[in-house]
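Protein sequence lines correspond, in order, to chains V and S.
Taking UniProt numbering, the leading residue of the first sequence gets 1, the next gets one more, and so forth.
Taking UniProt numbering, the leading residue of the second sequence gets 1, the next gets one more, and so forth.
No wet-lab data here; the hints were simulated from the structure.
Keep in mind that the hints are not guaranteed to be accurate.
You can't tell identical chains apart in this list, so a pair holds if it fits in one copy or across any two.
DSS-like mimics (lysine-lysine), calculated; alpha carbons at most 25 Å apart, straight line [claimed, not checked]:
1) LYS222 - LYS421
2) LYS222 - LYS8
3) LYS421 - LYS8
4) LYS150 - LYS194
5) LYS188 - LYS160
6) LYS150 - LYS188
7) LYS160 - LYS150
Protein chains: 2
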Amino acid sequence: MKDINRTKEQIQFCIRGELWDQLFGLLEELHPADIADVIEDAQDEVQSRIFELLSDETKADVIAELDDSTEADILEELSVEEISDIADEMAPDDIADMLSELDEERSEEVLELMEEDSEEVRELLQYEEDTAGGRMTTDFVALPDTATVKEALIHIGSLKLDEPVYFAYVVDTNNILTGYVQIWQMLKTENRQKPLGLLAEENTLTVTPDTDQETVARIMSKYDLSSLPVIDIEGHLLGRVTVDDIIDVLEEEASEDIFKLAGSDDAELEDPSPFSSCKTRLPWLLITLGTGFVTSMILKGFMQSITTMEVLALSFFVPIVMGMGGNTGIQSATLIIRGLALDSFNEKALYRLLLREMATGMLMGAICGSVIGIWARFVIGSSTAFHPAFLALSVGLALFSAMMFAAIFGAAVPLILNRFKVDPAVASGPFVSASNDIFALLIYYGVTFLMISVLPV
Amino acid sequence: MKDINRTKEQIQFCIRGELWDQLFGLLEELHPADIADVIEDAQDEVQSRIFELLSDETKADVIAELDDSTEADILEELSVEEISDIADEMAPDDIADMLSELDEERSEEVLELMEEDSEEVRELLQYEEDTAGGRMTTDFVALPDTATVKEALIHIGSLKLDEPVYFAYVVDTNNILTGYVQIWQMLKTENRQKPLGLLAEENTLTVTPDTDQETVARIMSKYDLSSLPVIDIEGHLLGRVTVDDIIDVLEEEASEDIFKLAGSDDAELEDPSPFSSCKTRLPWLLITLGTGFVTSMILKGFMQSITTMEVLALSFFVPIVMGMGGNTGIQSATLIIRGLALDSFNEKALYRLLLREMATGMLMGAICGSVIGIWARFVIGSSTAFHPAFLALSVGLALFSAMMFAAIFGAAVPLILNRFKVDPAVASGPFVSASNDIFALLIYYGVTFLMISVLPV
Chain V
1 MKDINRTKEQ IQFCIRGELW DQLFGLLEEL HPADIADVIE DAQDEVQSRI
51 FELLSDETKA DVIAELDDST EADILEELSV EEISDIADEM APDDIADMLS
101 ELDEERSEEV LELMEEDSEE VRELLQYEED TAGGRMTTDF VALPDTATVK
151 EALIHIGSLK LDEPVYFAYV VDTNNILTGY VQIWQMLKTE NRQKPLGLLA
201 EENTLTVTPD TDQETVARIM SKYDLSSLPV IDIEGHLLGR VTVDDIIDVL
251 EEEASEDIFK LAGSDDAELE DPSPFSSCKT RLPWLLITLG TGFVTSMILK
301 GFMQSITTME VLALSFFVPI VMGMGGNTGI QSATLIIRGL ALDSFNEKAL
351 YRLLLREMAT GMLMGAICGS VIGIWARFVI GSSTAFHPAF LALSVGLALF
401 SAMMFAAIFG AAVPLILNRF KVDPAVASGP FVSASNDIFA LLIYYGVTFL
451 MISVLPV
Chain S
1 MKDINRTKEQ IQFCIRGELW DQLFGLLEEL HPADIADVIE DAQDEVQSRI
51 FELLSDETKA DVIAELDDST EADILEELSV EEISDIADEM APDDIADMLS
101 ELDEERSEEV LELMEEDSEE VRELLQYEED TAGGRMTTDF VALPDTATVK
151 EALIHIGSLK LDEPVYFAYV VDTNNILTGY VQIWQMLKTE NRQKPLGLLA
201 EENTLTVTPD TDQETVARIM SKYDLSSLPV IDIEGHLLGR VTVDDIIDVL
251 EEEASEDIFK LAGSDDAELE DPSPFSSCKT RLPWLLITLG TGFVTSMILK
301 GFMQSITTME VLALSFFVPI VMGMGGNTGI QSATLIIRGL ALDSFNEKAL
351 YRLLLREMAT GMLMGAICGS VIGIWARFVI GSSTAFHPAF LALSVGLALF
401 SAMMFAAIFG AAVPLILNRF KVDPAVASGP FVSASNDIFA LLIYYGVTFL
451 MISVLPV
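So that you can see chain V by itself, here it is in the shape it has in the complex (with noise of 0.2 Å):
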C-alpha cells in the first residue's frame, strides 16, 4: 500500500504544478477507486481537467467509483457524445447508475448515441434506485438445461464479458430460473455429457425487482450468497445483484442509522457545504428547542406553585435528571434500532425486550438515585430550604423514575414504529431525547410535589 500513497503524492505535486503531462503517466498506474480518490479530492476547478487525461476505459470506471455529488459535476461538463463513449465502455447497471444523475433529456440523449447495451439501460432505468431492480446487473450466464456440461464450458469460455464469471444460471424450455451450477462443479463433473439440469444447485433463492436493497442485502450477509437472482413473477431471470454492490447498501444503511440517531443525515458526507449541513440539521435541533419551550414553561408552572427557595433547590437537579433521563432513553433506542436493523431479534420476544429494557432501567436507576441521593443529602441538602433526607429521598426517587421510564419508553419508540412499517431509526435519537426531557422533568417535579405534599418537608 505504501507505493500508492507516494504516487498520490506526486500526483498532488503534479496537480499543484499543473503539470498534465506528467500526471497522465501517474494516474494510469492507479487503480480507478484510487483515481476517484485523488479526483475526489482536487479542487473544484481542476477536477474535470484531472479526468478528461484519462482514456475512456478509465474514465468509465472511474465514473462508476466517484461518490454522486463529484460524478454530477463532471458529467455537467461533458458533452453527450463523450458520455456516450464512455458509456459504451460501461456495464448496464453501471449506465443506468450514471444516467439516473442527468435531467431526463440528456439521459435520453445519451442513450440514442450509444452503441449498444441501451434496450437493457432502459429497463434497469425503470426500476428505483433502492430496490433490487435498481441494484442488479443484467450482465449473467444463463443456459438451458438441456446443455451438457461440455457445452456449457465451452459456451463460458467463449464470452466476451468485462466481469469475470464463477458459474451459470439454469433455465427450463420455458426460460424460467430453475437453479445454478458453479464452474468448478462442472470441471469435477467426468461425465461431460451430463445435462445442466442434472447438476444444477435447485432451491435457489431469488428476489423481485421491488424487493428492497436492505432486505437483499439481509438475506445475501445470512446466506453468505456472493450473487442473487431477480426474477419475474413468472420465474423469468432478469439480473443478479452482487456482493460488492451489498457492501455499498450495508454501509449506507449503517451511515443512515447513525446519523438518524444523531439527527442528521448520511447526505452530509457528500455535501460540504455549512448550508445544506444547517438545512440537514436544523429541523431536529428545532424540535429540541421546541422541547425547550414547553420545559421552559413547565418551570414557570412550578414557580408558581411552590415557594421560591424551594424551586430553586430542586432547580440544581434539573440538569442531571434530564442528562439520564435522555442517555437512558437513547441507549435503549440504539439497543433496539440496531438489533431492529440486523434481524437480531424475532418479532416475538418484543414483550420480553420490553421487559428487560425495565429492568434494566429499574437497576440503573436504583444505582444512580442513591448516588445522586447520597449526594443531594451529604454536598447540596445542607443550604436548601428542604430537610437534606428529604430532598435526597425525593430527588433520588425522581431520577430512579425518569431513568426507569426513559428505558421503556427509548425502547418502546422504535418497536412501535416498526410495528407500523416505519424506519424505527427515523424518530429515533433527537425525538426519544425530546420526549425524554420533557417526562424525566414531569416526573421529577411531580415526585417532589408529591413527596412535598405528603412528608414532612
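Got chain V; can you put chain S on it based on the hints?
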C-alpha cells in the same frame, strides 16, 4: 421466503409439543443459518436438545452460524469426542473460531482427537481474532507459475473441497505469491499449454496476518475484492480472507460505532440479561452523573453571586441551552466519526472540516438564538426580574455561543483522538455530551453575567 416462515412455525409447534421426531425432518429442510436462528430463539433448556437432533455435517454448518453466546452454551454440553467429530466436517477457520470459545485444555483435547487439519487449526489459533490472520481461511488453491492451463484445470477438477473455487493463486519456485488466475480466464485461453505465469493477474493486493480486520474490510470494499490473500513477510501465501467474513466485520464495526455513540456496547445484542446491559451502560451514565454533580455545583455557585430571582429567571433556559449544546455537539461528532470510519476525509482536510463545523454551528446558533430570544422576550420575559429585552439578548447570545462552541468541540474531539490513534468512537457520545453540558452551562452563565455587569438590567 414464505415457505421458510411456515416451516419455522411448524418447528415452534413441535418444540412446544416436544415432538422431537417430527422436528428432525423439518430442521433438515432449512438452511444452516435458519437452523441457527431456530436454536437461538429457543428456550435455553431445549437449545442443546434441538442441536443434538442434527447430523454431524449439519451440526458443523450450524455451529459456524450461531452467535457466540449460544455457541458457547451448546459446546459446554458436548463431550470433546463429539466436538472433534463435528470439527472433522468443518473448514479450518471455522474450527479455529469454535475452539476459541473453549478453554485451553478442552481445545487441546479436541485438537488431539481430530483426524485432519489439526496443524492448520493450531496455526490459525495463534492469530488475534480481529486481524487478517484471525479471519482468514487456509482453504485455497495455489499452483506453480510453470503449470499449464490444462494441468491447472485438471487439478482444480480433482479437488475435494467443500467450498466452491473461483480462481487459483500462482506462486513462483520459491513459493512466493506472484498473482492469481480466474478459472474463467483459463477456460477462455485457447492455448491450453500456456503456463499460468503468463496469464496471471499481477499487482495483487495483499495483507499480512496482523493487519487489522477493519483495514482488510476497507481494502476489500474499496477495490470490490471477493478474496484477499494473506502473506508472511517473505511473501509466502498463508491464507485468504473472503468477502462473506468481511461483511460480518463491516456490520460489527458499524454496530460498535453506533453503540459507542450511545454509551453502550454491541455485546448487548447477544447477551440478553439486564445485569450485563447494566454493566456496559452504567459506566457511561456515571460520566453523565458526574457531569451533573459539576453542573449542580455551578448552579449553586451562581446562586450565591446574583439575586435569587435573577437565578430563577435564568434557570428557565438551562434545559434548552444544555439540550441544544448537547445535540449540536453530537451531530458534529457523528459526522466526523462516521466519515473517519468510512475513510471519506483525507487527513489534510482537518482544518477545513473544523472551520466548516464552526460555520455550521454559528449559522444554526444564530437561527436558534434568535428564536429563543423572541420567545424569552414575549413569553417568559414579563414575569422575571430582568428587563425582557435584556433577557432576550443574553439568552439568545448565550445559546449562539454554546452552539458554536459545541459544534467545534464535537468535531475536534474525534479528530484529535484519531490523530493519536485512539478509536474516535470511544469517547464520543456521552463524553462529548457531558463536556458540552458543562461548557454550555458555563457559557450560558458567563454570557449572562457579562451582560448583567455591562448592560442596565
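**Study point:** Numbered hints the structure breaks, given as an ascending list
**Key:** Checked against the structure, no hint fails, so every one of them is satisfied.
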